[in-house]
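One letter stands for each residue in the lines below.
2 protein chains.
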Amino acid sequence: MENEKLEILRKSMKQLGIAAYIVPSSDTHKSEYISEYWKTRAWLTGFNGSAGTAVVTQNHAGLWTDSRYFILALQQLEKPFELHKLATRNPEYIEWLLEELSSGDVVGIDDQLFSVAEFEHLDASLQKRGIVVQTVGDLTAPIWKNRPPQLNGKAFIHPIEFAIIPRSVKIQQLRTYLSQQNYSHILLTSLDEIAWLLNLRGNDIAYNPLVTSFCLVNRERTQFFVEPGKISSKVLHDLEKDQIERMPYDSVSNVLSHLAEKDCLVVDKNSLNRRLFAQIPKACRIVFEPSVVQKFKAIKNEKQLSKYREAQLFDGVAMCRFLCWLQSEIKQRPISEVEAGEMATHFRGLQPNFMGISFEPISAYQKNAASPHYSPSKENPCYLKPDGVYLIDSGGQYLGGTTDITRTVALGPVTREQKIDFTLVLKGHIRLAMSKFPKGTKGINLDALSRLDLWQRGKDFGHGTGHGIGYFLNVHEGPHGFSQAAQNVALVPFEPGMFVTNEPGYYLEGSYGIRTENVMVCQPDPHSLQGDFLIFETVSYCPLDKDLMDISLLADVEIEWINAYHQKVFELVSSYMNPGELAWLKDSTSPIKKHH
Amino acid sequence: MENEKLEILRKSMKQLGIAAYIVPSSDTHKSEYISEYWKTRAWLTGFNGSAGTAVVTQNHAGLWTDSRYFILALQQLEKPFELHKLATRNPEYIEWLLEELSSGDVVGIDDQLFSVAEFEHLDASLQKRGIVVQTVGDLTAPIWKNRPPQLNGKAFIHPIEFAIIPRSVKIQQLRTYLSQQNYSHILLTSLDEIAWLLNLRGNDIAYNPLVTSFCLVNRERTQFFVEPGKISSKVLHDLEKDQIERMPYDSVSNVLSHLAEKDCLVVDKNSLNRRLFAQIPKACRIVFEPSVVQKFKAIKNEKQLSKYREAQLFDGVAMCRFLCWLQSEIKQRPISEVEAGEMATHFRGLQPNFMGISFEPISAYQKNAASPHYSPSKENPCYLKPDGVYLIDSGGQYLGGTTDITRTVALGPVTREQKIDFTLVLKGHIRLAMSKFPKGTKGINLDALSRLDLWQRGKDFGHGTGHGIGYFLNVHEGPHGFSQAAQNVALVPFEPGMFVTNEPGYYLEGSYGIRTENVMVCQPDPHSLQGDFLIFETVSYCPLDKDLMDISLLADVEIEWINAYHQKVFELVSSYMNPGELAWLKDSTSPIKKHH
Numbered sequence: 002m003e004n005e006k007l008e009i010l011r012k013s014m015k016q017l018g019i020a021a022y023i024v025p026s027s028d029t030h031k032s033e034y035i036s037e038y039w040k041t042r043a044w045l046t047g048f049n050g051s052a053g054t055a056v057v058t059q060n061h062a063g064l065w066t067d068s069r070y071f072i073l074a075l076q077q078l079e080k081p082f083e084l085h086k087l088a089t090r091n092p093e094y095i096e097w098l099l100e101e102l103s104s105g106d107v108v109g110i111d112d113q114l115f116s117v118a119e120f121e122h123l124d125a126s127l128q129k130r131g132i133v134v135q136t137v138g139d140l141t142a143p144i145w146k147n148r149p150p151q152l153n154g155k156a157f158i159h160p161i162e163f164a165i166i167p168r169s170v171k172i173q174q175l176r177t178y179l180s181q182q183n184y185s186h187i188l189l190t191s192l193d194e195i196a197w198l199l200n201l202r203g204n205d206i207a208y209n210p211l212v213t214s215f216c217l218v219n220r221e222r223t224q225f226f227v228e229p230g231k232i233s234s235k236v237l238h239d240l241e242k243d244q245i246e247r248m249p250y251d252s253v254s255n256v257l258s259h260l261a262e263k264d265c266l267v268v269d270k271n272s273l274n275r276r277l278f279a280q281i282p283k284a285c286r287i288v289f290e291p292s293v294v295q296k297f298k299a300i301k302n303e304k305q306l307s308k309y310r311e312a313q314l315f316d317g318v319a320m321c322r323f324l325c326w327l328q329s330e331i332k333q334r335p336i337s338e339v340e341a342g343e344m345a346t347h348f349r350g351l352q353p354n355f356m357g358i359s360f361e362p363i364s365a366y367q368k369n370a371a372s373p374h375y376s377p378s379k380e381n382p383c384y385l386k387p388d389g390v391y392l393i394d395s396g397g398q399y400l401g402g403t404t405d406i407t408r409t410v411a412l413g414p415v416t417r418e419q420k421i422d423f424t425l426v427l428k429g430h431i432r433l434a435m436s437k438f439p440k441g442t443k444g445i446n447l448d449a450l451s452r453l454d455l456w457q458r459g460k461d462f463g464h465g466t467g468h469g470i471g472y473f474l475n476v477h478e479g480p481h482g483f484s485q486a487a488q489n490v491a492l493v494p495f496e497p498g499m500f501v502t503n504e505p506g507y508y509l510e511g512s513y514g515i516r517t518e519n520v521m522v523c524q525p526d527p528h529s530l531q532g533d534f535l536i537f538e539t540v541s542y543c544p545l546d547k548d549l550m551d552i553s554l555l556a557d558v559e560i561e562w563i564n565a566y567h568q569k570v571f572e573l574v575s576s577y578m579n580p581g582e583l584a585w586l587k588d589s590t591s592p593i594k595k596h597h
Numbered sequence: 002m003e004n005e006k007l008e009i010l011r012k013s014m015k016q017l018g019i020a021a022y023i024v025p026s027s028d029t030h031k032s033e034y035i036s037e038y039w040k041t042r043a044w045l046t047g048f049n050g051s052a053g054t055a056v057v058t059q060n061h062a063g064l065w066t067d068s069r070y071f072i073l074a075l076q077q078l079e080k081p082f083e084l085h086k087l088a089t090r091n092p093e094y095i096e097w098l099l100e101e102l103s104s105g106d107v108v109g110i111d112d113q114l115f116s117v118a119e120f121e122h123l124d125a126s127l128q129k130r131g132i133v134v135q136t137v138g139d140l141t142a143p144i145w146k147n148r149p150p151q152l153n154g155k156a157f158i159h160p161i162e163f164a165i166i167p168r169s170v171k172i173q174q175l176r177t178y179l180s181q182q183n184y185s186h187i188l189l190t191s192l193d194e195i196a197w198l199l200n201l202r203g204n205d206i207a208y209n210p211l212v213t214s215f216c217l218v219n220r221e222r223t224q225f226f227v228e229p230g231k232i233s234s235k236v237l238h239d240l241e242k243d244q245i246e247r248m249p250y251d252s253v254s255n256v257l258s259h260l261a262e263k264d265c266l267v268v269d270k271n272s273l274n275r276r277l278f279a280q281i282p283k284a285c286r287i288v289f290e291p292s293v294v295q296k297f298k299a300i301k302n303e304k305q306l307s308k309y310r311e312a313q314l315f316d317g318v319a320m321c322r323f324l325c326w327l328q329s330e331i332k333q334r335p336i337s338e339v340e341a342g343e344m345a346t347h348f349r350g351l352q353p354n355f356m357g358i359s360f361e362p363i364s365a366y367q368k369n370a371a372s373p374h375y376s377p378s379k380e381n382p383c384y385l386k387p388d389g390v391y392l393i394d395s396g397g398q399y400l401g402g403t404t405d406i407t408r409t410v411a412l413g414p415v416t417r418e419q420k421i422d423f424t425l426v427l428k429g430h431i432r433l434a435m436s437k438f439p440k441g442t443k444g445i446n447l448d449a450l451s452r453l454d455l456w457q458r459g460k461d462f463g464h465g466t467g468h469g470i471g472y473f474l475n476v477h478e479g480p481h482g483f484s485q486a487a488q489n490v491a492l493v494p495f496e497p498g499m500f501v502t503n504e505p506g507y508y509l510e511g512s513y514g515i516r517t518e519n520v521m522v523c524q525p526d527p528h529s530l531q532g533d534f535l536i537f538e539t540v541s542y543c544p545l546d547k548d549l550m551d552i553s554l555l556a557d558v559e560i561e562w563i564n565a566y567h568q569k570v571f572e573l574v575s576s577y578m579n580p581g582e583l584a585w586l587k588d589s590t591s592p593i594k595k596h597h
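Same order as they appear, the protein sequences are chains E and L.
Going by our numbering, the first sequence opens with residue 2, and the numbers climb by one from there.
Going by our numbering, the second sequence opens with residue 2, and the numbers climb by one from there.
Don't read these hints as lab results, they were simulated from the structure.
Be aware that a few hints might be false.
No copy is singled out in the list; a pair is fine if it fits within one copy or between any two copies.
As the list claims (entries may be wrong) - Within a straight-line C-alpha distance of at most 35 Å, the following computed DSBU-like cross-link-like pairs (lysine-lysine) qualify:
1) 440 x 368
2) 547 x 40
3) 304 x 460
4) 420 x 332
5) 332 x 440
6) 296 x 86
7) 129 x 440
Extracted from the complex, chain E is given alone in its bound form (with noise of 0.2 Å):
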């Protein structure tokens, strides 16, 4: 018997009468990333990578995921599971269901799993051929066994001091909009925007402070669906004394299925699951629209941005403490780098405010930086030595905000090559730090600069250069962000106290990986007397590594930022450096010239 779980599952598709079964990466608010009870396709595929969506018939089991992922599901995919390459960020296994399956043929999902969306893309697609797609429940759910349980942790108020802003003046903005646009209600189902209006964080998906709940607003009441074990008598005091009320996590669909004829619900499309949907009665009104809480969270004040400034120094501080630590005992002994990864952890578990890191660190020594999101062994450690690169993507999860940075170092020793293309993405990074540009620009006008001095040379890096971040939530977060494709957060114009990584890097499989990540924060420019010109201000304090700037390939005004930069980066980190740190600190700071 060559995979259990999959003949038990077959069998049950024979059963229902079904050809094919999806099985996507999602919970039922359509977050990006996931607790563990909801990794169905991890745990039938042996393929853990966050991206991917698994398609079942009787004769054939495949994965279908992108290019960031190939390397490692081929590593990981059980068999008889075979990779799909992505070729682009659509659903391609619905052209391949369109080509294996015939009319009259049923493909079963369980609709919680889908948005709207998706569902009214799978479905319409298929009608096309006359395939049905039908609601079957999880078929997985009485196979698998020690399924991880659904975590409860109890939610925690985010402090004001940090949130600044009081969830009853999020409601009060959330109820103009409502009257504005002459909606009644509108159906809150993305975790971070929930956690953001009601200034409440919890423990329910690694790395992302969550809770997980409905929310419901109308002009007059808010209504939070959440496990009542999520919370506590404190909790629940604050949220009584804004008026929220705390409902079963349950009865959200029963509260939509009451609203009436002439209510107005406006909820986003590609969050609501396909099942809740269903729950709404056909003549109440339904809006769909991006939801206007990304668009709220997304701008943050003056006084959250000095919050943000304090995080991204704590944070820099234990990147500074790490590169230290690492560059020095790297000439003692090899070290693994998961071992690498679990020190930047430390490091910034010294620092006031921290609240965790916001994702598993990308630890990768050479070769293993080709992947963009690799992730290091323990089985099959990788150790470090005093040669070449080493990439650290990493960050921290503080009450002041979330951090995302990524250093690109040398160990020792390293190629022509390396400090060619290290150059390249530097150039690219400083050409959109400096960038300057009107209102109204959005990511896909601009993402292009990071790349030109690699196109120059025949080269490109396969991801977008850049994603929003939260502030003590989700390390990715829209409405905007920098991409090349026509995706929605590539065309969403750039607002002052908008927070975006700046991330370009460079990838050359079997040999070494490159990125250089900050995170920047759109301004006004001062310069601009109508006000109508934008710019970007660096918020992440780390030196650059010096050792792999080929200075000959940089310009003037290059050479410029990047002291400048470096000079900030000493003024703000020195005093937080023991004597030894700040020897490094002051040679990774000094400033660079240009030989003429």
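Position chain L against the provided structure of chain E, taking the given hints into account.
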């Protein structure tokens, strides 16, 4: 009586029970440029810009147009028409209608002047508030005395030595597409697509060598709907050799009304008019897709490209002669903007294979050039003097291609600001011209390259950086182009063989305007080993005015680009110059140097 036309129109609106009547700028093929016969909006309002929509109610007469035309509209609009300034490219008059009208009100339109897409958007928007769209035909027809007749010029064959690809091959290409996609018919509604397919040109619209017609292609037949008088027996004979069936123009609606249930028609909803759409039986399957011919047409092959380079050389010779004449003549006497434009046309007229100009020259002195779409006035002539800057944007129709070129030149002393702005625009032009980018890159990704230097000084320009351009066809053609906006043209990836203009500018209202425009063709990068990178080759040949360059602002690579470009212009153009012109050319193309 303030406005007789309006009074009569309002009377018939009253009789029909119509609260508002919309007069768009359109013919029945949604052509960008329209013949005099269709210029109803211009006749009604007095405003003759190419873009604008009039809306008339009983107590308001409004004209909506975009920023290119604000100044012109204010000068030309007849009372009581009021200008509504468009903030976006959206039809904002719909929002106005939503505010002004009440539920149950009727909006009248002539449905042959609305594309299916426009109609759907209008109807859906107004329906939300219970406002009804009603087809009432052309209410202006009975009022419009002395309406210009429909042009009935003869169609002529685009000789195969210029067309290069026989129509039979193009039709076969289309049929392959139909069978690949499982469509039975394609209806071509855009006049330039039909002209391309049939290797036919005409004279129905000024500057656009088009034949008013429709064309329906299925797996066996090609039906060409055109006024019989336009087709000479010689042309007819040629068409019949390729089994093209000439049908009366008006019979297209009858033929469409007989499509069968088993048929599947593909058509472009942005150019099919609503009246024609209404003729198609509901039972027939209709697929709306951007016309595939747009893409076929946009990608020119190597033989077409050499013809195009030759046409550009002819055009460059004319432009050099013109600029040489202008810069010498202006020292003797004032020259009117109109005369200067006519002289550019005169020099083009001396060139081989010249078939007419491709648009009315924009001949603009100093502050007049601050309107990107300025049209010089014969009634109130403006005279060029040996002082300041002059802009001329002009082009020709040649058997081997359509040209479009803009030069801004010093006629005498210029200000420091004018030199700086010219140089910033030039730097943007060069950065785009030198760019190298991976396959898949779109205009929206590259548009900013031409703006970075302006942006750094808080400046910008209000139009896209460039458009596709036809091959002895329309001066503007899709599907690609450079723009900051997420409009269709900017989201189409560049492919080798696509022509595109590169025309950044800077406009200082009340002072001066600057634009530098060349045509480029997308090419595979010869240094790209995997063939996965593309570049642009500049194919317009005329000097850039060195007197307007602030060399201190130019980078070394930019100076190298300018010198190489000028050397190429000299090599190509010089043998066509008379001795006086040769001296001018030599001087105009001599290398520039940086003073260190």
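Against the structure, the hints come out as follows:
For the homomeric pair residue 440 and residue 368, the shortest alpha-carbon distance between copies (26 Å) is at most 35 Å, but the shortest distance inside one copy (40 Å) is not. With identical chains, the CA atoms of residue 547 and residue 40 are never at most 35 Å apart, being 42 Å at best within one copy and 65 Å at best between copies. For the homomeric pair residue 304 and residue 460, the shortest alpha-carbon distance between copies (31 Å) is at most 35 Å, but the shortest distance inside one copy (41 Å) is not. In this assembly of identical chains, residue 420 and residue 332 lie within 35 Å of each other by CA distance solely inside one copy; the values are 21 Å within and 57 Å between copies.
Taking the shortest Cα distances, residue 332 and residue 440 never come within 35 Å of each other, neither inside one copy (49 Å) nor across copies (44 Å). For the homomeric pair residue 296 and residue 86, the shortest alpha-carbon distances inside one copy (33 Å) and between copies (28 Å) are both at most 35 Å. Taking the closest pair of Cα atoms, residue 129 and residue 440 come within 35 Å of each other only across two copies (31 Å); inside a single copy the shortest separation is 42 Å, beyond that limit.
Hint compliance for this structure: hints 2, 5 are broken, all remaining hints hold.
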